[in-house]
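Chains as they are written, first to last, in the numbering used here: chain E, 1 to 341; chain A, 1001 to 1241.
Rather than coming from a laboratory, the hints here were simulated on the basis of the structure.
Among these hints, one or two may not hold up.
Not the full set, but computed from the structure, chain E residues with beta-carbon under 8 Å of chain A [what the hints assert, rightly or not]:
1. Gln214
2. Lys216
3. Arg222
4. Ala223
5. Glu226
6. Glu229
7. Met230
8. Ala233
9. Leu234
10. Val338
Covered stretches of chain A (in silico footprint by chain E; criterion: 3 or more residues with CB under 8 Å from a CB of chain E, positions within the stretch not fixed) [claimed, not checked]:
11. 1066-1079
12. 1103-1111
13. 1186-1193
For every residue, glycine included, the Cβ atom is placed at its ideal position computed from N, Cα and C.
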Amino acid sequence: MSAAESQTLDAGAALPQQKTDYVPILLPFALALVAYPFVGSFSTWLTLTLAGLAMGMMIFAMASGLTLVFGLMDVMNFGHGAFISVGAYLAMVAIAPMAGYAHTDALGPGLLALLPAIALAMIGSAAAGYVFERVLVRPVYGQHLKQILITMGGLIVTEQVLYAAFGPQINPLPRPEALHGSIDFAGAAIEKYRLFVVIVGLVVFALLQFLLTQTKIGLLIRAGVENKEMVEALGYRIRRLFVGVFMAGSALAGLGGLLWAFNQEQAHASMGGEMMVLTFIVIIIGGLGSVGGCFIGAVLVALLNNYTAFLLPKAALVSTILLMVVVLLWRPRGLYAVTSR
Amino acid sequence: MSDALLTLSGVHTHIGRYHILHGVDFSVPKGRTTMLLGRNGAGKTTTLRTIMGLWRASQGSINFEGASIEKMDTPDVARAGIALVPETMAIFSDLTVRENIVLAARDGPPDERRLAWIFGFFPALKKFWLSRAGTLSGGQKQMLSIARAIIEERKLILIDEPTKGLSPAIVGALIECLQELKRGGATILLVEQNFRVAQEVGDLVCVMDSGRIAHAGAMADLAADDKLQQRLLGLSLDSHQ
Ligand SMILES: Nc1ncnc2c1ncn2[C@@H]1O[C@H](COP(=O)(O)OP(=O)(O)OP(=O)(O)O)[C@@H](O)[C@H]1O
Ligand SMILES: [Mg+2]
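Please model the entire structure based on the sequences and the hints provided.
So this is what it looks like as structure tokens:
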């Protein structure tokens, strides 16, 4: 660092600290704390919380691309779920030849078996995203109604292609042996796979945050979410940026699809479409265009869902909608409002 | 005019179904500051946005350094060497001041010397270097918006009403900055409602009315002619004292 820069850094450090908005970050913790006395037993609470966190990570992976795509180009992609299904099927394709690894219960080979599946799911979904953007989304920029119709059509076509290629049945997709079962911790059974999903989710979130805050491309994405005209007036081609974001978002949805499919131990073509409502709720709660908000929204929705499913099974579905209503009453543009819309 | 850097000829602009510019003709000579004046709604902002490619000219031509730019996309116009300080300032409020500047410096990390030069006019930018730009005051946002346009040398700088809502002290700093840019040989097209500022920094002036250029000439001539001002801008002597 040069002398001048360290000087300017000092000038910044001497300021009263800028207010970062911490309240939303505290919400999941608050929710977990409030739920504890209702659940009663520590081990049950821990199990429910971990399950909620794992679910939250999967929803986050599925939804993060959606929120950026909307934030950056105002594109309503109702076909985003297609990449979830594509990711699940590609995981199935890639894991098959790895059966030898998958059947040992040693952790190393078990995780190794997942690597090609993760790679194929993400690369394949990104490629599908590229085609989707080119063929379906590009011709309808700026036309919301057409976007909704054509991307929904894209989802249906993708589902049908998957049915045609893999048959109409629900495909079993066993996890690698090493990720079966649980470890005991403080009397609670901690499911290994959930732990794995939480770790993957946190890594993905950390990488995304790093990209968005520490790299020029990330800064351009955030700037574009706020004002794409000005990004162009500074000399950057936002279309190219958008294609990249669309593909990365599709890859993440593919990863989410893989994680979800292994969680359910099955893959079927309609699983992506089934997740769409949830992902939309999550990005609305988080604030359209905000990755951080999407992360908190996903964790909140999933935790609440798990706690209510245990405490009041009948209210589980309603709880998600209620959460959205409450959040929007409090902050009408979501937890973190990024865009000027 | 052989020294014209930018020339608009017969430029028409439609926004949706509204016909806003009705054949705008003027040129901006190199190394000078050209003022674009006119009443509210005359089409000044629309003209700057059309040059920048943010609105597409429906007719006519825009020539920059001998090349037509009226069909170019905005990023290409910017890369041809034109910078814009929009009326809305359009700072990225979620980013820090530093990050705003980093994005504006297309060709690599911001040049330290130039940055120090900018901090000289706008010390607040240095003070709030690592703060979110959204937390800046209106005047500080304006400084940031201008700083973005000049962090790297550009051939032409379009500035839309930079003094709107600024305190006199900051207007002073701004004038000083513009004078310094002029001494460095910059070409500026400046939209300004504050006649005193226009008088101080303008070499040439174009006055717009209803989507056309109603008058073009030397700034000093307009400044000396109260009747002309009255007719073109509706200014009376006591309104700009
Ligand atoms: N997005 C838009 N849609 C429709 N009409 C517009 C739009 N933007 C500007 N106009 C119209 O175009 C005309 C010129 O507007 P413009 O903003 O260029 O004026 P201006 O000279 O910059 O005015 P001011 O001094 O108030 O900034 C106005 O009549 C305005 O109503
Ligand atoms: Mg204007």
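Now for the hints, and whether the structure bears them out:
1. Gln214: 10 Å, violated
2. Lys216: Since the shortest Cβ distance to chain A is 7 Å, the answer is holds.
3. Arg222: Status holds, d = 6 Å.
4. Ala223: 4 Å, holds
5. Glu226: 5 Å, holds
6. Glu229: Holds: closest Cβ of chain A sits about 6 Å from Glu229(E), inside 8 Å.
7. Met230: Because about 4 Å separates Met230(E) from the closest Cβ in chain A, which is inside the 8 Å limit, the hint holds.
8. Ala233: 5 Å, holds
9. Leu234: At about 6 Å, which falls below the 8 Å cut-off, the nearest Cβ of chain A leaves the hint on Leu234(E) intact, so it holds.
10. Val338: 6 Å, holds
11. 1066-1079: Coverage by chain E holds here, the residue count being 5 at a Cβ distance below 8 Å.
12. 1103-1111: With 3 residues close enough to chain E, the hint holds.
13. 1186-1193: Coverage by chain E is violated for the stretch 1186-1193 of chain A (0 residues, Cβ < 8 Å).
The structure fails to meet hints 1 and 13 from the earlier list, while all remaining hints are met.
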